[in-house]
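With these hints in hand, go ahead and build the complete structure from the sequences.
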Amino acid sequence: MIKEFVKGIWKENPVFVQVLGMCPTLAVTTSLINGLSMGLATTFVLVSSGLAISALRKLIPDQVRIASFMIIISSSVTVVKLLFEAHIPEISSQLGPYLPLIVTNCIILGRQEAFSSKQPVGKTLLDNLGMGIGFIFALVVLGSVRELFYQGTIGGAQVLGTWYKSMIIMVQPAGAFISLSLLVALFQRLSESE
Amino acid sequence: MELFFIFVAIVLTQNFVLHFFLGICPFLGVSDEMEGAFGMGIATTFVMTLTAIITWNINTFILKAFNVEFLEYVSFILVIASLVQLVEMFLKKYLPELYETLGIYLPLITTNCAVLGLALFMVLREYNFVESAIFGFGAGVGFTLALVIMAGIRGELNEEDIPKPFRGTAITLLVAGLLALAFMGFSGLVPT
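Which chain is which? The protein sequence lines are A and B, in order. Just so we're aligned, residue 1 is where the first sequence starts under our numbering, counting upward by one. Just so we're aligned, residue 1 is where the second sequence starts under our numbering, counting upward by one.
Source of the hints: derived by calculation from the structure; they are not laboratory data. There is no bait here: all hints are sound.
Derived pair list, reagent style DSS-like, types lysine-lysine, alpha-carbon separation capped at 30 Å: (1) Lys11(A) - Lys123(A); (2) Lys164(B) - Lys3(A); (3) Lys7(A) - Lys164(B); (4) Lys11(A) - Lys164(B).
Quick list of simulated restraints, FRET-style, between CB atoms: (5) Leu98(B) - Gly156(A): 46 to 54 Å; (6) Met1(B) - Trp163(A): 45 to 53 Å; (7) Gln85(B) - Ile88(A): 30 to 38 Å; (8) Phe61(B) - Leu59(A): 27 to 35 Å.
A few chain A residues that don't get close to chain B, going by computed Cβ distances all over 10 Å: (9) Ala52; (10) Gln119; (11) Leu129; (12) Phe137; (13) Thr153.
Heads up, the beta-carbon is just placed ideally off N, CA and C, and yes, glycines get one too.
Spelled out as structure tokens, the structure:
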């Protein structure tokens, strides 16, 4: 049981190993807080839609399963979007269209197709939660790195001294691609030496 | 002129892949050979143009008219999924040759976030009908352009001796970063 939970965090990390869910990973990680909120929103959608799909797995006909999954996922995303708008409007507007785009995050559909639709509810909960935490981990690491090199802060707290000149490229698209590339390479190197 | 700027912006200065990070999965997945990249690009452009046209109508005449905008995501994703299915059936029946070439890429388009992203951006920016259609077509052209350039570069990279941890994903992302830098050179083409 523990194995189902832990695999998503390191060995099968959705971002660094499976290279899924790249759009939000690159787009919203300009700061730690943005990365964290995106990670939490995605995990909520992943777990809630996973539970629904796992519970309904014997009722959903095989031919229309993808369409059914998409409806369940997009309803769940609508819930998250409305919650964010009501309670944390600043973050909701910062994430912009990337919040509704959780619908097409391939981590979610991938998990439902490969796991939730075949496994009982308990196992699904652990698996989806593990994958979600792995996703949060990746977004937080990338968000922190980009924020640190952009203006010398992590989560708003000054880490590098005031001598640090801000590097605008880190919050632009090119910086996103290059930092993720270096992190993926580092991750490969680390898991090789294990 | 407005329409022309919308087109240039979405193809070059605000390219979906290199500026908005939409459609990264197929961008990383099928950009390892030229033919596949081009086929995927054409199929996506086709679906994107149709999506723009249909979702604009649905948004204006159904969602806004009946005040049910909260159904936006559910209805858009349904439109895209059924559109992809329809296109697939149409091609299979009437243009079997084209279907042979594009067939395997079509189902992948449903989960291409660039297509849903296109519909969402269209609503956010409050484009009218013609603008939406141009925007959809331009987004597809920009996607194809990014995919084809990437396929060209990766073809060359295959011959090189790349450090082991960088092989595969990391080097592709690095090249994408450099491409994004290069595309920044286009900014200023479109007055903002």
